[in-house]
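Starting from the two chains in their separate frames, assemble the complex, guided by the hints.
Read off the chains here:
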Amino acid sequence: MKCDMEKENLNVVIQEDLDMNNCKTLKAIVDGYIIKYKPQTCVFDLGAVDFIDSSGIGFLIGRKKLLELYEAKMIIKNSSENIKKQLNFSKEVSNLKFI
Amino acid sequence: MEENMLSIKTNAKLENVSVVRLAMSNFISQTKLDVQDVLNLKTAISEAVTNICEHAYPNKKDGKILVNGYIFPNMIKIEIIDYGIGIENIELAMEAEYSSKSEEEHAGLGFTIMESLTDELLVDSIINTGTTITMIKNINN
Numbered sequence: 001m002k003c004d005m006e007k008e009n010l011n012v013v014i015q016e017d018l019d020m021n022n023c024k025t026l027k028a029i030v031d032g033y034i035i036k037y038k039p040q041t042c043v044f045d046l047g048a049v050d051f052i053d054s055s056g057i058g059f060l061i062g063r064k065k066l067l068e069l070y071e072a073k074m075i076i077k078n079s080s081e082n083i084k085k086q087l088n089f090s091k092e093v094s095n096l097k098f099i
Numbered sequence: 100m101e102e103n104m105l106s107i108k109t110n111a112k113l114e115n116v117s118v119v120r121l122a123m124s125n126f127i128s129q130t131k132l133d134v135q136d137v138l139n140l141k142t143a144i145s146e147a148v149t150n151i152c153e154h155a156y157p158n159k160k161d162g163k164i165l166v167n168g169y170i171f172p173n174m175i176k177i178e179i180i181d182y183g184i185g186i187e188n189i190e191l192a193m194e195a196e197y198s199s200k201s202e203e204e205h206a207g208l209g210f211t212i213m214e215s216l217t218d219e220l221l222v223d224s225i226i227n228t229g230t231t232i233t234m235i236k237n238i239n240n
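Residue numbers (the working numbering), protein chains in the order written: chain B, 1 to 99; chain A, 100 to 240.
No lab work stands behind these hints: they were computed from the structure.
By construction, the Cβ of each residue, glycine as well, lies at the ideal position given by its N, Cα and C atoms.
Be a bit skeptical, because a hint or two may be false.
Computed spacing ranges between beta-carbons, pair by pair [to be verified]:
no.: 1; chain 1: B; residue 1: Q40; chain 2: A; residue 2: N173; range: 52 to 58 Å
no.: 2; chain 1: A; residue 1: L221; chain 2: B; residue 2: K73; range: 38 to 44 Å
no.: 3; chain 1: A; residue 1: N239; chain 2: B; residue 2: S80; range: 21 to 27 Å
no.: 4; chain 1: B; residue 1: K24; chain 2: A; residue 2: D133; range: 28 to 34 Å
no.: 5; chain 1: B; residue 1: D31; chain 2: A; residue 2: E102; range: 45 to 51 Å
no.: 6; chain 1: B; residue 1: N9; chain 2: A; residue 2: S106; range: 46 to 52 Å
Over the 12 Å line for every Cβ pair with chain B, so calculated as not near, a few chain A residues [stated by the list, open to error]:
no.: 7; residue: T130
no.: 8; residue: K159
no.: 9; residue: F171
no.: 10; residue: L220
no.: 11; residue: I225
no.: 12; residue: T231
no.: 13; residue: N239
Just chain A, with the same shape it has in the complex (with noise of 0.2 Å):
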């Protein structure tokens, strides 16, 4: 059972992604992570929530986003959840320096951002039932 845990849900908004990882690096940085983990992890939340704002319901404006994350003595997990459209190509999502929009500037490195600045990233996702994110950061004592 975890130690400590902290649920979010808002709209997927842009104005809304500083909200969320600011909340969840205040929250993770209780733990002994040291400062330059607690950065990485706020970063890689940031890039979970802006995919969903930005992919996850081109048709929809109340789309919703639920951010839970949960504190265990060695470890970090944090689950990123949309209800949208879902990813249709997983492997080729997670390729460095793609984008499904590239007629916007996008540098299309979102998710190997994500996958570098955590110890481990799983990606879930059903067409037209939404995507989760987990997210795993080890704790070092």
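Next comes chain B alone, as it looks inside the complex (with noise of 0.2 Å):
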């Protein structure tokens, strides 16, 4: 995972499968970034994921309820039809921004 602020923007490119093994570290890093920083956008690039689970999606709907409290809007870029699909299973996820 890379993650860089780039003016008010968060970017956060995921290079990792979305499971929980994996999230766990990733939340730590990310939820890092967003409470140093308080971005007003976080982009997740899911570009280089291949793989997401329930796991993942608590992930991101956790960033997304984190990045809320400061305010702040969230963006998920280049995801494949299939995490879309995955996605889906949450409603909590139907709000969320996707370019």
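Here is the structure:
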């Protein structure tokens, strides 16, 4: 994973499978960036993600809720159709912005 | 009788989940299932194995998982077995967005995803003996 602050935006490029084993580490790192830099927008680039399960969905929902506490927006970028299909299992993901 | 089978026994550790799902998805990809169905079954297997790692052995570090994959002419059967504490209320556990660890970050969608991505899902659990999840995916020739 790569995290990069660009002006007021946090760009998170995920290159790992979004399963429970990886999400525990990813959560700690991304939350650290959000709490430290308080971005206005956080963009998750999922273009290199091959696999997501309910732990990955939980990870994204959790980051969305944390960003909302800071009145920040979350955007998901480059997600495959398969990942969008998995994300649609959760009602909480329905109002996420995809680009 | 099955045409082929694969059995994997491993410790119930999160770092083993990707090993199991990759091995099983490679195994089932030799059938006539299309790529999307292989991906779906891979996700369902991952959900079940992750559930075991998270819930089956709360007080045990060396709990085991046994995953059996069977290829039949018209279907694939996957059994995912643990010898842990069992599931007290299977109906409740299978409700969408239910999580027994609500204080942690879980979507509570494990069983919902397993049910949605397989043709048949059977859950058999005995308290303090273990749980067997059986998944069936039909092969449409």
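**Asked** For this structure, which hints from the list above don't hold up?
**Response** Structure breaks no hint.
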